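Here are the chains, one letter per residue:
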Amino acid sequence: MTGNTDATPQPVLVLDNLIKFFGRFAALRGVSASFAPGRLYVILGDNGAGKSTLLRVVAGLMQPSQGSVTLFGTIKVREVAHRVGYMAHAPLLYDELSGMENLHYFAGLYGSQNDVVCGNAMQRVGLDPDLSRRVGQYSQGMRQRLSLARAVLHDPDLLLLDEPFSNVDIHSARDMAEILGQMRDQGKAIFVVTHQAALMEGVADEFLHMSAGRIVARESLPRISPGVEAAR
Amino acid sequence: MTTFSVTRATLHKDLRMEWRSKDAINSMLFFALLVVVIFSFAFNPTAEQSRQIAGGLVWVAFLFAAVVALNQTWARELRNQVLDAYRVSPAPPNALFLAKAIGNFLFVIVLEALMAPLFVVFYNLRSVGPLWQLIVVALLGTWALVVNGTFFAALSIRTRSREIMLPLVLFPISIPALLGMVDATTSILTGDASPDFWIKMLAVYDVVFTAVCLLLFESVLNAE
Amino acid sequence: MKQLFIAFVVLTVALLAYGTYQALLVAPTEQTMGEVQRIFYYHVPSAWTAGVCFFVNFLASILYLWKRNAKSDALAAASAEVGVMFCTIVLITGPIWARPVWGIWWTWDARLTTTLVLWLIYVSYLVLRRFSTGGQTQVLAAALAIFGFVDVPIVYMTIRWFRTQHPAPVMGGGENSGLAPEMLHAFLWNLLAFTCVGIVLMVLRYRLQMLEERVEAAHAAAALEGGTQ
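Chains as they are written, first to last, in our numbering: chain F, 43 to 274; chain X, 62 to 285; chain A, 132 to 360.
The hints are simulated quantities; they were obtained by calculation from the structure and are not laboratory data.
Just so you know, these numbers come straight off a predicted model, no measurement behind them.
We put the CB at the ideal spot given by N, CA and C, even for glycine.
There may be inaccurate statements among the hints.
As the list claims (entries may be wrong) - Just some of the chain X residues that point at chain F, by a computed CB distance under 10 Å:
1) M62
2) T63
3) V67
4) R69
5) K74
6) R77
7) R81
8) N141
9) Y147
10) S150
Chain F on its own, in the form it takes in the complex (with noise of 0.2 Å):
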């Protein structure tokens, strides 16, 4: 079950020489690729490479400008937008609203309101669903330990985090790539974009490097499976 690539599954994400123009600056440059669920890849790369744009493009946020995302076996990516959880150094939270206030609204977007569901999503996060404290007087690691929880609640089959430990307090990160490294086990296939290497070594199936609109390079990682831990 667990980083076994012998029987290819059917990928979850494939690219099809990804091109995307911001006036003149080409962001990607034909970025084509294939990706498999029950991995955690992690994207590395100088700032301007291109990370935040490749994920902006798979979580259809952007169009491209040239070539294709089939998601799902789909091209039409809307069409499975319930399956794609996404988040981003911004929080993409209400500051005016409670924790549990924000996790039923988005909850409410994908056709569920239901407080079970969002009340254990708040603890498995590590938060406390009864704090009634509003978002914008959180600490930035417990606001994207719930930003995490928004992009979970649904269920996700595929998450896309775009630099989630930005400025977040190295307890909270920690938690959060373990958060991550479970899903993985799950069955989900796992996006980072982050600076900190580092943090995602314990969890990570593959390195993707990428340098001035495209992937340079990908590197899989033997992993250490979750009996055997290194030193934390």
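Chain F is already provided as a structure; the job is to place chains X and A on it using the hints.
This is chains X and A only, laid out in the frame that chain F set:
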């Protein structure tokens, strides 16, 4: 997630947020009050003249105040880039538009209800025509302003100089609605003419532009 | 294609020259208004051409939202600019004509007000194009154009009614009523000439826009190839 349920949930969320911060309502109220006071210095009408010009003054004040609210309600979605969370979800874009438009509509109606007594006092107004007609005109006219305003606010919030873009694109397009509201209000207040044509015209305007907004909103929301 | 266009330009210049000759020299002087009436030969054709341009803009905008190609957008941009230009001419020649004849520069009747509103709407369109950032420009502008065009007939009817309620100075019974045959002659030639001028300008502006597109595309292609930075 049907359009109806998402619209209701979003509206509920917006109203709750507005209730807590009271940002939009306060700015609108203050602005409208300012306009009223300044106008009353500029024009010092007799009772008879008041009825003639009140229609115009009232709607100009509400229009400027509404623009304040329109920018605010979208600005809320840009903080923390929370609009991305909506766009990534399978929720239909038109639900977002309807929720924002209805929310703005409610804010402006509340503003009108609070300001109306003030106008009556400052300008010594007494309406010749029936009140229910004024209410119908207010409802139709406010929706006309708000539906286009919500659309163009979403459009201009992503441009440079967004504060000037909204009135710049909104006002010319709203001229027929404004004219209708002003003339209908004046007709009712003075009792000089029947507002029937204007009421029908406003209704047609509302239907046409609500349809156009709903047709085009998704393109505008996802333009990136 | 290019030769055809050059031939068309030559034809247009000829038409314009002939039309001017007709308007200024051949057509008889109007009885009551005098020489200033000759502005009519420029005023009305400009209005007509502006209308044609804005209609083209409307169609191009719809086409753009449907197909999302650069050509429709270029046509929309071109037609809006040329339309605003002709509309400006209308708004300037109108008062110039009105002042000596009716003693007033302006009145808020249906036609004038609609023209002004039309001008405002399309100027706001041009400002939007200038001020929006990045790839959104075309989509946002197209949306605004559709709004604007749908609004115009509503504006006209609205003010028409408004004015029947509040009569304003009558701007003379329609220019075409009781037009002497030579005047009609001159008018029609100028109508044709102005329409052709409008088309020439739109084509030129469209080409300019497409050229800009190609420069951008070339830059983009270069950006795709080159550089590791």
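Going down the list of hints, with the structure as the test:
For M62(X), the interface hint holds, since its Cβ comes within 10 Å of a Cβ in chain F; the closest pair sits about 4 Å apart. With a least beta-carbon distance of about 8 Å to chain F, the hint placing T63(X) at the interface is held under the 10 Å criterion. Checking V67(X) against chain F: minimum C-beta separation of about 6 Å stays under 10 Å; hint holds. A cut of 10 Å between beta carbons decides the hint on R69(X): the least distance to chain F is about 9 Å, and the hint holds.
For K74(X), the interface hint holds, the least distance from its beta-carbon to any beta-carbon of chain F being 5 Å, beneath 10 Å. The closest approach between the C-beta of R77(X) and any C-beta of chain F is roughly 7 Å, which is under the 10 Å cut-off, so the hint is satisfied. Hint status for R81(X): holds, given a least beta-carbon distance of 5 Å to chain F, under 10 Å. A cut of 10 Å between beta carbons decides the hint on N141(X): the least distance to chain F is about 5 Å, and the hint holds.
Interface hint status for Y147(X): upheld, as the beta-carbon distance to the closest one in chain F is roughly 7 Å, under 10 Å. For S150(X), the shortest C-beta to C-beta distance to chain F is roughly 4 Å, which falls under 10 Å, so the interface hint holds.
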